[in-house]
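S.K.: Chains as they are written, first to last, in the numbering used here: chain A, 29 to 137; chain B, 123 to 237.
Think of the hints as simulated: they come from the structure by calculation, not from any bench. Accuracy of the hints is not assured; some may be wrong.
Stated by the list, open to error - Some residues of chain B that are not near chain A, with every Cβ distance over 10 Å (derived):
| no. | residue |
| --- | --- |
| 1 | VAL126 |
| 2 | VAL141 |
| 3 | ARG144 |
| 4 | SER149 |
| 5 | ASP152 |
| 6 | LYS166 |
| 7 | HIS170 |
| 8 | LYS173 |
| 9 | GLY210 |
Claimed, not checked - Here are a few chain A residues that sit away from chain B, every Cβ distance over 10 Å (derived from the structure):
| no. | residue |
| --- | --- |
| 10 | GLY44 |
| 11 | THR93 |
| 12 | LYS97 |
Said to hold, decoys possible - Straight-line Cα separation of at most 30 Å, DSSO-like style, residue types lysine-lysine; simulated pairs:
| no. | chain 1 | residue 1 | chain 2 | residue 2 |
| --- | --- | --- | --- | --- |
| 13 | B | LYS200 | A | LYS70 |
| 14 | A | LYS87 | B | LYS163 |
| 15 | A | LYS96 | B | LYS166 |
Model, not experiment: these values are computed from the prediction. Just so it is clear, CB atoms sit at the ideal spot from N, CA and C, and this is done for glycine as well.
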Amino acid sequence: EDQVTQSPEALRLQEGESSSLNCSYTVSGLRGLFWYRQDPGKGPEFLFTLYSAGEEKEKERLKATLTKKESFLHITAPKPEDSATYLCAGLSGNTPLVFGKGTRLSVIA
Amino acid sequence: EAGVTQFPSHSVIEKGQTVTLRCDPISGHDNLYWYRRVMGKEIKFLLHFVKESKQDESGMPNNRFLAERTGGTYSTLKVQPAELEDSGVYFCASSQGWGQPYEQYFGPGTRLTVT
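From just these sequences and the hints, can you work out the full model?
M.R.: What follows is the structure in structure tokens.
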């Protein structure tokens with residue numbers, strides 16, 4: 029069964045304190061690994077798609093990387109406005125999008 | 123360009139009543155998806171339309187849930203009769219046709235509370 033596991037469940041950082049969020053997956057025939065950001069009361073907002081191991085993508089203070097078993101979302105010098113829940117999801121050829129439970133990030137000024 | 127929109131944003135109904143949720147996808151997106159997040163759980167897939175056809179409805183919990191997509195445009199999800207365990211946030215997402223990119227763009231969700 030396809031599965032996506034995110035860690036940690038919650039992360040509290042001081043402003044400027046860099047860290048990484050982990051997403052481990054067991055998705056057969058992975059077609060894409062997605063990262064979303066979700067703010068309270070809103071829908072998931074698309075951040076990145078990674079298609080193959082070794083791929084990296086960057087957007088402002090965020091950088092997503094992918095290996096054959098996991099993906100990392102690196103946050104460099106975070107600001108309070110980066111506080112949100114970050115969701116990881118995997119898409120295979122045979123099953124629909126499978127989400128992890130997310131990591132709740134709080135960045136304290 | 124307008125994003126995915128959903129209506130209503132919040133619905134409170136009693137057990138046994140009927141509720142219909144609506145989703146308008148991004149214009150030109152053939153693929154439309156419904157998801158649900160129950161409190162404390164991850165977002166889970168319900169079903170997938172390609173244009174007006176149901177491509178995959180493996181995630182639909184039971185036959186109290188009925189989804190339609192009229193003319194390949196907007197979609198409705200009806201719950202009849204609603205049960206307490208149907209409470210949660212229902213998200214709609216849309217994506218372009220086949221092939222990369224596969225990104226799905228989500229709406230703001232409808233929070234359904236069944237009392």
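S.K.: Go through the numbered hints given earlier and state which of them the structure violates, listing their numbers in rising order.
M.R.: 1, 6, 7
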